[in-house]
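Asks: Listed here are the chains, written in short residue letters.
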Amino acid sequence: MPETNHLLIKQLKTALFGPVDLSVNEGECVCLSGVSGSGKTLLLRSIADLDPHEGDVMLGNETCSAMDAHEWRRQVGLLSSESQWWFEQVGQHFKQPTSDWFEKLGFNNEVMHWQVSRLSSGEKQRLALARLLENNPKVLLLDEPTANLDKENTALVENLVRCLTEKNNTTVLWVSHDADQIKRVASRHFRFSQGGLEEAAI
Amino acid sequence: MNMILLSVYDLSLAAGLILLLALLSFRMKLNVEKQLIIAAVRTAVQLVLIGLVLKYLFEQVNFWLITLLACIMLLAAGREVMARQHRHFAGGWGFGIGIISMFVSSFTVTVLALTVVVQPDPWYTPQYAIPLLGMLLGNTMNGIALGMDRLTTSAYEQRQIIESRLLLGETWSQAIADIRYNSMRIGMIPMINAMAAAGIVSLPGMMTGQILAGSPPVEAVKYQILIMFLITAGTGFGTLTAIWFASKHLFDDRDRLRLDRFKAKK
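In order, the protein sequences belong to chains A and B. Under the numbering used here, the first residue of the first sequence carries the number 1, and numbering increases by one thereafter. Under the numbering used here, the first residue of the second sequence carries the number 1001, and numbering increases by one thereafter.
Only pairs whose alpha carbons sit at most 25 Å apart, straight line, appear in this in silico SDA-like list of lysine to any residue: (1) A:K95 <-> A:Q84; (2) B:K1055 <-> B:P1131; (3) B:K1029 <-> B:L1017; (4) B:K1248 <-> A:T14; (5) A:K183 <-> A:T154; (6) A:K124 <-> B:E1170; (7) A:K95 <-> B:N1182; (8) A:K13 <-> B:R1256; (9) A:K13 <-> B:D1260; (10) A:K124 <-> A:E103; (11) A:K104 <-> A:N135; (12) A:K10 <-> B:R1256; (13) B:K1248 <-> A:Q84; (14) A:K124 <-> B:T1171; (15) A:K95 <-> B:A1177; (16) A:K13 <-> B:R1159.
Honestly, the hints are just simulated from the structure, not real lab data. Note that the coordinates shown come from a computational prediction; the quantities given were computed from them, not determined experimentally.
Starting from the given sequences, assemble the full structure and let the hints guide the process.
Replies: So, in structure tokens, the structure goes:
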């Protein structure tokens, strides 16, 4: 019986990358790096089943293709490198009136009334993470989540993710270019090159 | 009251006005004179041809000939819907969605009006069936074309937002809901506006035509009200159907936004 948050990628392949095989243990944080354009974002999109692909992904003993797509994406949450906001106020993008994660991300409940047009790119990025965590995803796919953040806020996000892996057994696949960051957060590190994964030193 | 018949000379005078406008366009370098002349010639030729076809049909009252003409009108309207969109679905879908929605709405409403409301004998009497269907198809086509163009353009422009909503666990239907409502509204608003302005700002063409042809105004008005209600219902149902099918076809069975199903106009 596999652990419920164990992520298993089997022969995942599109015209642009693959095949990729990877097994990430429950509560583990694995980092991916690679030159831009190597297909890291596309890999995350395929794991979230947002792009057509061959192969399959399993979460615990549940198979992606056997689950409703929207249900899969609630459990396997992808945070894009650029967040999108479509209503005027921050709060309209959230289902609940408050988020347990605001404090850990450097906000308080007031942020719900803020205008989206006045958010900085760093604020948007941290709020997008809080928005995604409302679904309580079992797996987090993070696409350069700290690219727009200063040192202090990067630390907030890293600590939050560490808290999730340790306390909630959340499984994390983290795309990062920062070697120091990979050292801080990852238990394993893979380099994405020529459409496939190679294990690399941390 | 007798109808005053128009002679070729009368029509040439009106054509003279078009020529004058073309000349003005040429002098002012507006560059529409060629389009203007071609469109005017097309109007004349197409209408004369349909006049001859109608004359023949009215003499025959043959159900199958009328059905054939109705199908040709439907296909032409379907092609027009596709031609008016900047991005349309590739393959049979681009054509099919328009055709099916127009068939469902225009044909049903026309048959209903003929069999239940107007009740000519036989119900497919071409004097009634063809003009009714023509007006319904023409307006439904406008509504569907406007709505579909809004839908496909918005989906393309807001693709990142739609995908972002999908990634937050929304279904395809939730992720496209706002765009779908807007597109449905856009398709229906011209008819709602036309009803609101009828008689005050504009005298609708059908009624004007009947009055010019010698009908008593109140009788013409009754027909016009009937037509406007039928057109609005037909356009509304047709637009709702088309937008629903089209918005569904923007996604595959795994709720992925599939913009690769579009073909952009060159």
